[in-house]
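A.B. asks: Sequence order for the protein chains is A and B. Heads up: the first sequence begins at 1 in the numbering used here, then just goes up one per residue. Heads up: the second sequence begins at 1 in the numbering used here, then just goes up one per residue.
Calculated from the structure, these hints are not laboratory results. Ideal placement from N, C-alpha and C gives every residue a C-beta, glycine not left out. Wrong hints could be hidden among the right ones.
[What the hints assert, rightly or not] Just a few of them, taken from the derived set where beta-carbon distance is under 8 Å, the chain A residues facing chain B:
#1 57
#2 60
#3 180
#4 183
#5 377
#6 379
#7 392
#8 393
#9 401
#10 402
#11 403
#12 406
#13 437
#14 450
#15 451
#16 453
Next come the chains, spelled out residue by residue.
Number of protein chains: 2
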Amino acid sequence: MKNIILCLSTTLLATCLILPVCLQSQATQLAEQKNKQAELNLDDTKIIKQFFDEALTTRETYDLLDHLCNKIGHRLSGSEGAAKAVEWTAKVMTEYGFDKVYKQDVMVPNWKRGEKEVARIVGGTKTNLTVLALGMSVATPGEGLTAEVVEVQALEDLESLGEEKIKGRIVFYNRAADQRHIQTGAAYGGAVDQRSAGPSMAAKYGAVGVVIRSVGTAFDDVPHTGVTSYKDGIPKIPAAALGFQSADLLTEALKKNPNTKLFLKMSCQTLEDAPSHNVIGELTGSEFPDEIITIGGHLDSWDVGHGAHDDGAGCMQSIQVLRLFQKLGIKPKRTIRAVMFMNEENGTRGGKKYAELAEKNKENHLIALESDAGAFTPRGFGVTADDSTIDKFRSWLPYFNQNTISYIKKGGGGVDIGPLHRTLGTPTIGFIPDSQRMFDLHHSPSDVFSTVHPRELELGTASIASLIYFIDKYGL
Amino acid sequence: MKNIILCLSTTLLATCLILPVCLQSQATQLAEQKNKQAELNLDDTKIIKQFFDEALTTRETYDLLDHLCNKIGHRLSGSEGAAKAVEWTAKVMTEYGFDKVYKQDVMVPNWKRGEKEVARIVGGTKTNLTVLALGMSVATPGEGLTAEVVEVQALEDLESLGEEKIKGRIVFYNRAADQRHIQTGAAYGGAVDQRSAGPSMAAKYGAVGVVIRSVGTAFDDVPHTGVTSYKDGIPKIPAAALGFQSADLLTEALKKNPNTKLFLKMSCQTLEDAPSHNVIGELTGSEFPDEIITIGGHLDSWDVGHGAHDDGAGCMQSIQVLRLFQKLGIKPKRTIRAVMFMNEENGTRGGKKYAELAEKNKENHLIALESDAGAFTPRGFGVTADDSTIDKFRSWLPYFNQNTISYIKKGGGGVDIGPLHRTLGTPTIGFIPDSQRMFDLHHSPSDVFSTVHPRELELGTASIASLIYFIDKYGL
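Produce the entire structure from the sequences given, and follow the hints as far as they go.
C.D. replies: Here it is as structure tokens:
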């Protein structure tokens, strides 16, 4: 174990005002961590290595993801792909011989994109733009919609423009994600309000449609979809995302001619809610079968690409964590569940149903982990739990190669396990892979299997298995 | 600076036998680090952020690498590409207005691959295999070479087989890189003896040729070249690398028929040594101009693909570190040099010449850093220096976002700065990016610009600039 680093949070330092006392306490913690490490070394070091060896050599997560992406494909809630993925993941876990495999019924939104969307700059060269309707968007009139375009950088711009300049027009939200963020999730988070809240905000001022610059980090022309949320009491107007370069074309056209018109045609529909399922596989705990550790991803995806990183990867990793325990002959003390949540993308119905049933059945949930940030090389975990739990997790860092998990940060979870946290107070963990490439692909036709690197994906599986192993063995 | 972690090496812990004393000393160090951080925060935090902001938004490293790869291409020592790259990098640094830009003359080996190589399983379906001659290999006879094949897993197998079973045959080294290593450099290092020493070892037992399973980590059929070293006094025999899947085909053929013959045709030549250059750009130090900090990569590459990761990236990063200082108006105290070393791949003549001239000119080299491990997302630095220097470097870790540089490990450098270390005792640093994808591409036609991610590349530039900034400001 050369080059191990031991990590202490500066938060700890910052909260200590009387240095000598504080440092003694840190010293004690260091000593405790060191002693603990010495205790654990014999068995645990060996098992952690086995997790990584097995994942890197058999690449079973990668093989499963290959099947999910290339044989089933994308899996929007209510679609045929989603239904196939439910049956297939249940079959995979049954064939592995997990102790229990079952489904939870859940009704999900049933939105259909319809025919391929059209966005075209009217007049001049009649430039076609790359476009994807936003998820849950309404359609344009059947013959399409033509209107002048008003370009803004932020939701707040609408107020100063007022109804006079917006009414009857298409609002074009054109603020790009801020590339200065080192974590691209923050870049995404800083721009996504245009997609989620933009359409209803524009409709409030009388806009007839919305287009946005795709919320992504690549300078290509692939549009990125994603859900929009219409506000009650405000007319629903059609909303779509343009490719990055298409957004450039539109803004250039508007500079030349502020009266530039855009033609938009979309035939999306929201049908009646459809029946679907969460899929659950379980290894039953040998000592504390009632203490449940949940590991999950979401099985649904957008209806473009393969949903490989978002979130086929997280689902296949969750199954493979249990599979690694099984293959190495490790009988968990607690019950470990792999959960394929349904409908993260446009409703979180699966996550809500899971929490609802956990409460109803008086289940005892120790902790829940979600992997939904891509199949990239591991960097850390984010943990929403007591400080003492976070300290305990940090004491396990020396077991990880520093090129896999190098930190445990305070705060983390996932969309699907949020309801469990809110309902039962269950602590949550988010797996944090490297973020640099995620938002090049996210919600777009580019999120396909060929962009997944087998070793990066498998390092994720083994990293999650390692943390779950420690939690199962030593508790929180 | 949320979620900062402070890191202490366990080496430090392990060497302390009397715990209370040791822990007090650690406590003191923690306090010192904390105080130092408090002192630095105002200026340094701001400047580190500027390095990252500037790199991530202007992407100048990426633009330079685009030119090097797509306008110049691969750059084997002695080739037209190498000569063009020398002129172009000198021009780039001159146009940037660096304080000094100059070349160092160096004679380099001049090996030519010749016509496209042929490797074919004789008889049956006459299967063509993907193949690349190893660098510095001799040619086969003009009409090619046909011989039976003896497959081995390791150099040591030859001794037990003996001359009887090897003489007149082609030796096939078939040991794959071990995927269990988390750092793929270790997987590569554990298999590369077959390429470097294998041919001469086989010739010693009378083999007429050598083929190896390419030393790489991808399960594709792209062959990976790389230098082989013939031993004096042993006949030089032709040697080539097969694609991974081609190696599978050959081993299957041998299982069916142990007398399977292989046809091999290569027309490589080693010409007279050719004149070439190291290219150097300098920002002259304002306080200690005689103290030199070297940052380098190697400008030569193999004669396939673009040499994008190996090592166009390291060269462009080196130039851009100086460029970032220049753009932010930071006048270094010490002299900082960006060095494009020539001939790392098959001779290290540039690295040797640089050290030779440093000694001859009585230069004072403070430290040297090399980036030659790919354009991937940053993970750490490896440092060959006194423990006190390493501790000092670790005290700067809190300034790095934990998703960039998360550790400083003991031991590191680079092939080109090795001679400087050996000649003058100069401490060395190796930049460590994530290694998962490097050996899929390394030395192969797949090492092209399109596999470089702009943000990953630029995070490397900014990480190196940050460390160099601290070294320049605070010394070792």
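A.B. asks: Work down the list of hints and note, for each, if the structure agrees.
C.D. replies: A quick look at each hint next to the structure:
1. 57: OK, holds: residue 57 of chain A within 8 Å of chain B, min 5 Å.
2. 60: 13 Å, violated
3. 180: Holds - the Cβ of residue 180 of chain A comes within 8 Å of chain B, reaching about 5 Å at its closest.
4. 183: Hint holds; residue 183 of chain A Cβ to chain B Cβ min 6 Å, cut 8 Å.
5. 377: 5 Å, holds
6. 379: With a closest approach of 5 Å, the residue 379 of chain A hint holds.
7. 392: Violated, because the Cβ-Cβ distance from residue 392 of chain A to chain B comes to roughly 16 Å (cut-off 8 Å).
8. 393: 13 Å, violated
9. 401: 4 Å, holds
10. 402: 5 Å, holds
11. 403: Nearest chain B Cβ about 5 Å off; hint holds.
12. 406: 4 Å, holds
13. 437: 6 Å, holds
14. 450: 12 Å, violated
15. 451: Result: violated, 11 Å to nearest chain B Cβ.
16. 453: 6 Å, holds
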